[in-house]
Amino acid sequence: MTIRTGTRTAQRNELLWALLFIVPSMIGFIVFFAMPSVRGLLMSFTNWDLLRPAKFTGLANYIKLLSDKEFRHALRVTAYYVVLNIPLQTVIALGMAVMLDRFTKSTFIRGILILPWLLPNIIVALLWLWMLDPTLGFINQIIMSLGFERQPFLGSVTQAMPTIAGINIWRHAGYTAILLFAGLQNIPKDVYEAAAIDGADERQMFMGITLPLLRPVLIFVLVTSLIGSFQIFDTIVITTKGGPVDATRVVYWYIYEYAFVRFKMGYAATISVALFLILITITVIQMRYFNADTSDLD
Amino acid sequence: MTTRTQTKPGFSTQQIFAWIFLTLVIVVTLFPVWWVVRTGFSSKQEIYVDTFNLLPVGPTLNNFKRVLGMFSSEEAVAQGGTASGMDFWMNLKNSLMVSTTTILGQTFFSAMAAYSFARLKFRFREQIFFLYLTAMMIPGVVTLVPNYILMARELEWMNTYQGIIAPSFLMTPFSVFFLRQFFLSINHELEEAAKLDGASIPLIFMQVILPLSVPALSTLAILQFLGNWNDYLWPFLIGKAENMRTLTVGLAVFQSQTPQGSPDWGGLMAGTTLSLIPTILIFLVFGRRAVNAIQFTGFR
Chain A
0 MTIRTGTRTA
10 QRNELLWALL
20 FIVPSMIGFI
30 VFFAMPSVRG
40 LLMSFTNWDL
50 LRPAKFTGLA
60 NYIKLLSDKE
70 FRHALRVTAY
80 YVVLNIPLQT
90 VIALGMAVML
100 DRFTKSTFIR
110 GILILPWLLP
120 NIIVALLWLW
130 MLDPTLGFIN
140 QIIMSLGFER
150 QPFLGSVTQA
160 MPTIAGINIW
170 RHAGYTAILL
180 FAGLQNIPKD
190 VYEAAAIDGA
200 DERQMFMGIT
210 LPLLRPVLIF
220 VLVTSLIGSF
230 QIFDTIVITT
240 KGGPVDATRV
250 VYWYIYEYAF
260 VRFKMGYAAT
270 ISVALFLILI
280 TITVIQMRYF
290 NADTSDLD
Chain B
0 MTTRTQTKPG
10 FSTQQIFAWI
20 FLTLVIVVTL
30 FPVWWVVRTG
40 FSSKQEIYVD
50 TFNLLPVGPT
60 LNNFKRVLGM
70 FSSEEAVAQG
80 GTASGMDFWM
90 NLKNSLMVST
100 TTILGQTFFS
110 AMAAYSFARL
120 KFRFREQIFF
130 LYLTAMMIPG
140 VVTLVPNYIL
150 MARELEWMNT
160 YQGIIAPSFL
170 MTPFSVFFLR
180 QFFLSINHEL
190 EEAAKLDGAS
200 IPLIFMQVIL
210 PLSVPALSTL
220 AILQFLGNWN
230 DYLWPFLIGK
240 AENMRTLTVG
250 LAVFQSQTPQ
260 GSPDWGGLMA
270 GTTLSLIPTI
280 LIFLVFGRRA
290 VNAIQFTGFR
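As given, the protein sequences belong to chains A and B, one line each in that order. Residue numbers are given in numbering that gives the first Met the number 0: position 239 of the first sequence equals residue 238, and the series is strictly consecutive. Residue numbers are given in numbering that gives the first Met the number 0: position 93 of the second sequence equals residue 92, and the series is strictly consecutive.
What the hints contain is simulated information worked out from the structure, not anything from laboratory work. What you are looking at is a predicted structure, and each value in this text was computed from that prediction instead of being measured. Take the hints with a grain of salt, since some may be wrong.
What the hints assert, rightly or not - Computed footprint of chain A on chain B; a stretch qualifies when at least three of its residues, placed anywhere within it, have a C-beta under 8 Å from a C-beta of chain A: (1) 146 to 159; (2) 206 to 212.
Stated by the list, open to error - If you anchor each label on the Cβ, the simulated ranges turn out as follows: (3) Phe20/B - Arg71/A: 35 to 43 Å; (4) Ser144/A - Trp18/B: 22 to 30 Å; (5) Phe123/B - Thr280/A: 39 to 47 Å; (6) His187/B - Glu201/A: 23 to 31 Å.
Every residue gets a Cβ at the ideal spot worked out from N, C-alpha and C, and that includes glycine.
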């Protein structure tokens with residue numbers, strides 16, 4: 000009997016403490032994650048400039064969005080950026096990861112490679128703004144000393160986006176390489192040994208063992224970098240501010256303009272929801288297509 | 000053994016190619032950072048004349064003195080700078096304040112929640128945890144505008160520390176998830192022993208669990224500190240006022256104020272160099288742990 004009541008009070012005690020322990024995080028979750036998400040969704044059906052009360056407009060914002068040429072342009076520019084950024088970044092990172100795995104496990108070298116990712120976007124953007132300066136920048140000095148013409152880079156409609164993609168490849172390739180490197184460590188070495196005995200060459204081993212076994216990590220890296228890539232913003236603040244001639248006016252910049260320059264909160268929320276839906280769709284497709292959760296190791 | 004003999008025949012060409020590749024990557028990684036420092040120490044006139052020198056040209060500390068507010072604004076303008084550069088010490092103080100407070104609160108409160116999810120039994124535990132997880136999927140852009148409105152209108156926390164700190168002070172879904180994973184891996188026996196000795200749950204949490212989790216807690220703290228330190232848009236939206244700007248905001252404002260035609264590159268790069276120092280310090284002190292922490296994020 001005494002033992003029983005003992006466990007019951009102990010249980011009640013545990014419940015009480017569990018609640019107390021969860022309450023702070025719960026407040027944070029509800030106030031700054033859950034409620035804003037719901038509110039963002041509700042706002043997307045309204046017209047709201049913060050001065051007058053929000054006006055419910057039904058699907059008007061979404062209908063407007065469908066025929067919004069500027070939004071379509073922003074989407075196209077963002078997609079262009081993603082296409083310039085992700086494949087090249089992943090390939091470079093994969094190359095770096097394989098090199099690290101094969102030739103050096105030095106934490107020091109991995110540390111150096113990760114350095115750009117530790118720096119704030121703002122600093123990375125300033126650094127490259129200076130490196131790429133049309134008149135004084137180091138890159139143009141090299142280009143000219145090799146006998147070529149100086150390049151406008153961020154000042155050119157055609158070059159601005161590839162340049163920004165390059166800047167972010169510089170920042171993220173090392174980080175991505177470290178993630179992939181960690182994945183490579185999980186591939187059992189005896190698989191390679193067996194393949195070597197069977198007479199497989201480097202290329203065959205890479206295609207036949209490394210890539211398939213690395214797939215779960217690769218998918219994770221692709222999904223997260225893709226989601227991040229779609230939300231490019233900080234770099235653009237420093238380098239181009241959406242220009243020249245809207246060449247780098249990405250979706251996030253467009254949302255920023257609507258919310259904090261034009262103060263059209265409702266429509267800004269609508270674009271945010273649309274971007275969210277796009278990201279979710281891409282993620283689901285990627286997961287499905289690549290069977291992300293199964294490893295060929297099993 | 001076998002792998003060794005395998006790579007041996009190809010040693011010369013392969014190894015050399017790999018090292019050339021790695022060296023190239025390291026140079027491309029480090030050179031721009033050096034170029035920032037080099038420019039920070041160069042004098043304004045020389046930057047225009049000697050654009051190719053790898054060392055600081057016309058070495059000077061004036062850029063740094065200007066950014067650190069050691070010159071009057073007239074003197075600064077006379078040097079080719081801007082009257083309103085950046086207030087480095089103020090920005091540094093704000094960045095430290097915001098990042099430190101955020102990670103202290105976030106790590107502690109997330110640990111409490113994570114402990115509940117990992118060890119204590121209560122109804123709807125899995126459901127609540129799943130809810131937290133779904134928040135990890137929601138990109139920041141969805142909550143950005145509503146959170147801004149919350150700060151601007153309901154809480155009226157514009158240009159305050161609490162405004163910048165609040166959204167990630169009590170938790171982030173990632174922190175809770177990260178720590179729960181770690182707590183699950185801790186052996187039950189120590190807790191059972193403490194329980195038999197009559198220790199209460201908060202006592203077990205404070206004196207058994209937290210001390211055992213120092214590696215995980217510090218790993219998380221480093222990651223989240225860097226995240227906060229590097230953040231730009233949120234502190235910019237909430238802390239635009241001069242006395243509330245963090246380093247990233249201060250630098251961005253500095254850049255936007257420097258004349259487009261002839262930017263104050265020396266000053267900008269001096270400011271950038273100074274802003275690099277805290278990150279580099281963290282990197283040097285916690286380097287190994289930071290690298291491992293980042294590797295871990297790959298498996299969340």
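Inset, instruction - May I ask which of the numbered hints given earlier this structure violates, with the numbers listed in increasing order? - result: 2, 5, 6
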